[in-house]
Amino acid sequence: MIKPYYSKEVIKRFTHPKNFGEIKNADAMGKVGNPRCGDNMKLYIKVEKKGGKEIIEDIKFHTLGCAAAIATSDMACDLVKGKTLKEALKIDYKKIIKALGDLPPIKIHCSVLAREGLKAAVGNYYAKRKSQKK
Amino acid sequence: MKKRIYLDYAATTPVDPRVSRAMLPYFSKKFGNTMSLHSFGQEAKLALEKSREEIAGLIGARSEEIIFTSSATESNNLALKGIALANKDRGKHIIISSIEHPCIIESAKWLEEQGVDETKVSSSRFAKARVFEVTRLPVDKYGRVSPGDVKAAMKKGTILVSVIHASNEIGTIQPIQEIGKICKEKGVYFHTDAVQSFGKIPIDVNKMNVDLLSASSHKMYGPKGAALLFVRKGVRIEPILHGGGQETGLRSSTINVPAIVGFAEACETAKREMKRENERIAKLRDKLIKGVLTKIKGAHLNGHPRNRLANNANFWFQFVEGESMVIQLDLMGIAASTGSACSSAKLEPSHVLLAIGLKHQEAHGSLRITLGKWTTEREINYLIKVLPGIVKRLREISGN
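Chains as they are written, first to last, in the working numbering: chain A, 38 to 171; chain B, 407 to 806.
Misleading hints may appear alongside valid ones.
[Said to hold, decoys possible] Below are the BS3-like pairs computed for lysine-lysine, each with C-alpha atoms no more than 25 Å apart in a straight line: (1) A:Lys40 with B:Lys791; (2) B:Lys498 with B:Lys630; (3) B:Lys798 with B:Lys696; (4) B:Lys639 with A:Lys49; (5) B:Lys408 with A:Lys45; (6) B:Lys693 with B:Lys791; (7) B:Lys798 with A:Lys55; (8) A:Lys167 with A:Lys131; (9) A:Lys45 with B:Lys639; (10) B:Lys798 with A:Lys45; (11) B:Lys561 with A:Lys68; (12) A:Lys49 with B:Lys693; (13) B:Lys752 with A:Lys131; (14) B:Lys592 with B:Lys639; (15) B:Lys436 with A:Lys68; (16) A:Lys49 with B:Lys765; (17) B:Lys494 with A:Lys49; (18) B:Lys791 with A:Lys61; (19) B:Lys561 with B:Lys494; (20) A:Lys40 with B:Lys752; (21) B:Lys587 with A:Lys40.
[To be verified] Reference listing, derived: stretches of chain A covered by chain B, where coverage requires no fewer than 3 residues with Cβ under 8 Å from a Cβ of chain B: (22) 89 to 103; (23) 120 to 134; (24) 152 to 166.
[Unchecked claim] Pairwise CB distance ranges, derived in the manner of DEER restraints: (25) B:Asp692 with A:Ala164: 40 to 46 Å; (26) B:Lys547 with A:Lys165: 31 to 37 Å; (27) A:Gly119 with B:Gly704: 45 to 51 Å.
It should be emphasised that the hints constitute simulated quantities derived from the structure, not laboratory data.
All C-beta atoms, glycine included, are put in the ideal place defined by N, C-alpha and C.
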């Protein structure tokens, strides 16, 4: 079957992203850029401790990029919301693509950027916590 | 489906119904091969030569100076490679601008990469000497090549200068006549890629001082699959397609008669309607530019404010990415294009926008709107109405 350039889910996420914006009192922020295409992404996370686990209570993004970059950002947020930080780090780009239905081959790097954004945000959280302990 | 608005005429144009009507007999009725001696072949041959004569007449050329090809890419490949190969005994230096279409840039690059010069190999110092050498001329902030730069770049052994007549991306029109004059004085062949200007501004190969000129049918309401290369009589050029010897041996291939008949009809139509149509489109284009620049903060016009094709508007917007604008516009039924890296197969921003001095992130936010024969004021009004909202929403998403 000949597929449209973008899946329905990508278009839906691009036109109606649920998670864009900034968390004012975010616990951490991850900022990543794609040196090749010039897209950039910021992910803000709010972390809550529940029963010894650190859970991503809320996550929002700001993305300057193509429709795929916006859709992958939005999907990545949904995939990790309510998950522990450790679980969030395990999300790989293939999972984001699968959740979006599909991505054109040339846009796979957008999903990689979203994963890098998650890693950066969680990494920023750990770094902040470490410096607070000192 | 709701009504769609096509504003990407620089990519391709719909075929004018008068053109398709002219083509129809040549598919199933007068379908002959122009090389056949029988009546089927001869009526096809007649149509081919009539088309050639018509087009030649429109640009001040002789019939035998028009070589039909299948595409502008082919014409430009033939111009560069054909001239280079036929004239390497005279010299090996080629000058192009930095805002050429990829088919010129890549042809030049290919020539540059061709082997070593046998005459220089004996000396180990020159073991890596290339056969062909290419100079790429810079442009000013509007995308114009300076004729003085052309002159300065010339040296002993320069065989060809190739400068695009009007930019496919930003619409800037080059001082072709002046550059041509310099080439003429220096005895260097001059080629121009006139794909975007052909049918939009008057072309006279003699006034323009060009030795070679490329044009394509599908950018001017003709069918895809027909293009031409004007080759001035006496210019030394080698074919790149070898075979049955069509097009005076310069371009072997069975002649695509229906497409060429359509191309000729499109040229005739353009000649008749060019002036009036240009005035109409330029007004709409100016309205669009004014509307966009006044209604959207951080919007900039790319290319020359006046010296540009009547149908071209090219912008860049701060804090917005071009592909997302194109996708959003498409969802609203409007077809446009962008020079953003995100929309390119190579993930690189437009080399034209970079050449006029835009930064990577500025080219990232570019949007090209190209108008045409069927563009109405209502369509332009609609675009001016919806674009600010699109930019605003995408800026919210980008956090700006």
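Hint check:
Among the hinted pairs, lysine 40 of chain A with lysine 791 of chain B is inconsistent with the structure: their alpha-carbon atoms are about 31 Å apart, more than 25 Å. Taken as a hint, the lysine 498 of chain B and lysine 630 of chain B pair is broken in the structure, with Cα atoms around 33 Å apart against an allowance of 25 Å. Taking the CA atoms of lysine 798 of chain B and lysine 696 of chain B, the gap is about 18 Å. The hint holds against a cut of 25 Å. For the hint pairing lysine 639 of chain B with lysine 49 of chain A, the CA-to-CA distance comes to about 58 Å; that exceeds 25 Å, so the pair is violated.
Between the alpha carbons of lysine 408 of chain B and lysine 45 of chain A the distance comes to roughly 18 Å, so the proposed pair stays at or under 25 Å and holds. Taken as a hint, the lysine 693 of chain B and lysine 791 of chain B pair is honoured in the structure, with Cα atoms around 12 Å apart against an allowance of 25 Å. Distance hint between lysine 798 of chain B and lysine 55 of chain A is fulfilled; the C-alpha atoms sit about 17 Å from each other, no more than 25 Å. Restraint check: the Cα-Cα separation between lysine 167 of chain A and lysine 131 of chain A comes to about 31 Å, which exceeds 25 Å; the hinted pair is violated.
A hinted pair counts as satisfied when its Cα atoms are at most 25 Å apart, and lysine 45 of chain A with lysine 639 of chain B does not qualify at roughly 56 Å. Between lysine 798 of chain B and lysine 45 of chain A the alpha-carbon distance is near 23 Å, which keeps this suggested pair within the 25 Å criterion. For the suggested pair lysine 561 of chain B and lysine 68 of chain A, the alpha carbons sit about 50 Å apart, so the restraint of at most 25 Å is broken. At most 25 Å may separate the alpha-carbon atoms for a hinted pair to count; lysine 49 of chain A and lysine 693 of chain B exceed this at roughly 33 Å.
Only pairs whose Cα atoms come within 25 Å are accepted, and lysine 752 of chain B paired with lysine 131 of chain A is accepted, the gap being roughly 22 Å. Only pairs whose Cα atoms come within 25 Å are accepted, and lysine 592 of chain B paired with lysine 639 of chain B is accepted, the gap being roughly 18 Å. Among the hinted pairs, lysine 436 of chain B with lysine 68 of chain A is inconsistent with the structure: their alpha-carbon atoms are about 65 Å apart, more than 25 Å. At roughly 31 Å between alpha-carbon atoms, lysine 49 of chain A and lysine 765 of chain B are farther apart than 25 Å, so this suggested pair is violated.
For a cut-off of 25 Å, the pair hint linking lysine 494 of chain B to lysine 49 of chain A is broken: about 57 Å separates their Cα positions. With a C-alpha separation of about 33 Å, the suggested pairing of lysine 791 of chain B with lysine 61 of chain A is violated against the 25 Å cut-off. Simply put, lysine 561 of chain B and lysine 494 of chain B have alpha-carbon atoms about 14 Å apart, close enough for the 25 Å limit, and the pair holds. A hinted pair counts as satisfied when its Cα atoms are at most 25 Å apart, and lysine 40 of chain A with lysine 752 of chain B qualifies at roughly 21 Å.
Proposed proximity of lysine 587 of chain B and lysine 40 of chain A is contradicted: the alpha carbons are some 52 Å apart, above 25 Å. Restraint check on the stretch 89 to 103 of chain A versus chain B: 5 residues with Cβ-Cβ distances below 8 Å, three needed, restraint holds. For the stretch 120 to 134 of chain A, the stated coverage by chain B is violated: 0 residues have a C-beta nearer than 8 Å to a C-beta of that chain, whereas at least 3 were required. By the rule of at least three residues with a Cβ nearer than 8 Å to a Cβ of chain B, the coverage given for the stretch 152 to 166 of chain A is violated, with 0 such residues.
The hinted range of 40 to 46 Å is not satisfied by aspartate 692 of chain B and alanine 164 of chain A, whose Cβ atoms lie roughly 53 Å apart. One distance hint, 31 to 37 Å for the beta-carbon pair lysine 547 of chain B and lysine 165 of chain A, is violated here, with the actual separation near 44 Å. In this structure, glycine 119 of chain A and glycine 704 of chain B break the distance hint of 45 to 51 Å, their C-beta atoms being roughly 37 Å apart.
Hints 1, 2, 4, 8, 9, 11, 12, 15, 16, 17, 18, 21, 23, 24, 25, 26 and 27 from the list above are not met by this structure, while the remaining hints are.
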